[in-house]
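Visitor: Each residue of the sequence shown is one higher than the one before, counting from 1 in UniProt numbering.
Quick caveat, the hints were computed from the structure, so don't treat them as lab data.
Because the structure is a prediction, the values reported are computed rather than measured.
A virtual CB, placed ideally from N, CA and C, is assigned to each residue, including glycine.
Please note: incorrect hints may appear among the correct ones.
What the hints assert, rightly or not - Okay, derived cross-link-like pairs now, SDA-like style, lysine to any residue, Cα gap no bigger than 20 Å in a straight line:
1. K162 - D91
2. K179 - D65
3. K186 - Y62
Unchecked claim - What follows is a set of in silico ranges between Cβ atoms, one per label pair, in the way DEER data are often shown:
4. D211 - Y53: 32 to 40 Å
5. N202 - V50: 41 to 49 Å
6. D214 - Q42: 54 to 62 Å
7. Q42 - S195: 44 to 52 Å
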Amino acid sequence: MYVGKVRQSSQLKNSSRVLIFLTGIINYHPNIIQFCGLTKLQDEKNYSLVLEYAEGGTLGKYLRDDTISFEWESQLKFAKDIASAISWLHDDVGIIHGDLHPNNILINNGTIKIADFGCSYLKRSNRNAQVQGVIPYMDPNLFEQSPCSSETREHPYILTEKADIYSLGVLFWELTSRKSPFDFEKKTTKGDHSSIKMNIRNGIREKPVKDTNDKFIALYESKMLATRNR
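Input sequences plus hints: build the corresponding full structure.
Guide: Listed below in structure tokens is the structure:
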């Protein structure tokens, strides 16, 4: 079991993450981290979430570990695990994750577990977009509202499940490269984000890794086009 703190008691009433967990909507898929309950630790005034423990840590840490052999069969399995969870969220329970990236994906006994539903929301909510998330995995349309753009939208931008689909495309590329998109992790330490946003907004994407399966390339490139011309 893993115990994760809820920062403020009011979050129990208001956060999407707790709402979704407590209603049990997402607790029935093998590739989604399981919610086990709530607890209040001794001498703690706030509640904590009790979650399934994932012994393998994050996907991000796994991919950067050069001592781990990660061949095509394993890449494909992880891709299928992630896609299965997101497809189920979208089609069966009507939820958009909203913040897919390798550090929100855990590994338990070789199985992918999608985690951290703090930015999730119901598809029917028509939530206006907010510029939040990890830049290389975010819906590129969000950057049209960001400080690196001089343009503004006449109407609010509504996030849809296509934002998750775009994130899937980037994640699938990362499964084959084992690298951070646009060298984002290193550039984060330097605060160099504006150039990455601008490149993504202008349609620049990471190039396929040599010897990657052609069908898999076509698959993840199609997902990176999911949010175009919306």
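Visitor: Determine for every hint whether it applies to the structure shown.
Guide: Quick rundown of the hints versus the structure:
As the CA atoms of K162 and D91 are separated by approximately 12 Å, the hinted pair is consistent with the 20 Å bound. Distance check on the hinted pair: K179 and D65 sit about 10 Å apart at the alpha-carbon level, within 20 Å; holds. The hinted pair formed by K186 and Y62 meets the criterion: a straight-line CA distance of about 17 Å does not exceed 20 Å. A C-beta distance of roughly 35 Å is found between D211 and Y53, which places it inside the suggested range of 32 to 40 Å.
Between N202 and V50 the beta carbons are some 44 Å apart, a value that agrees with the proposed interval 41 to 49 Å. Roughly 57 Å separates the CB atoms of D214 and Q42, a value that falls within the hinted 54 to 62 Å. Here the CB-CB span from Q42 to S195 is close to 48 Å, well matched to the stated 44 to 52 Å.
In this structure, none of the earlier numbered hints is contradicted; all agree with it.
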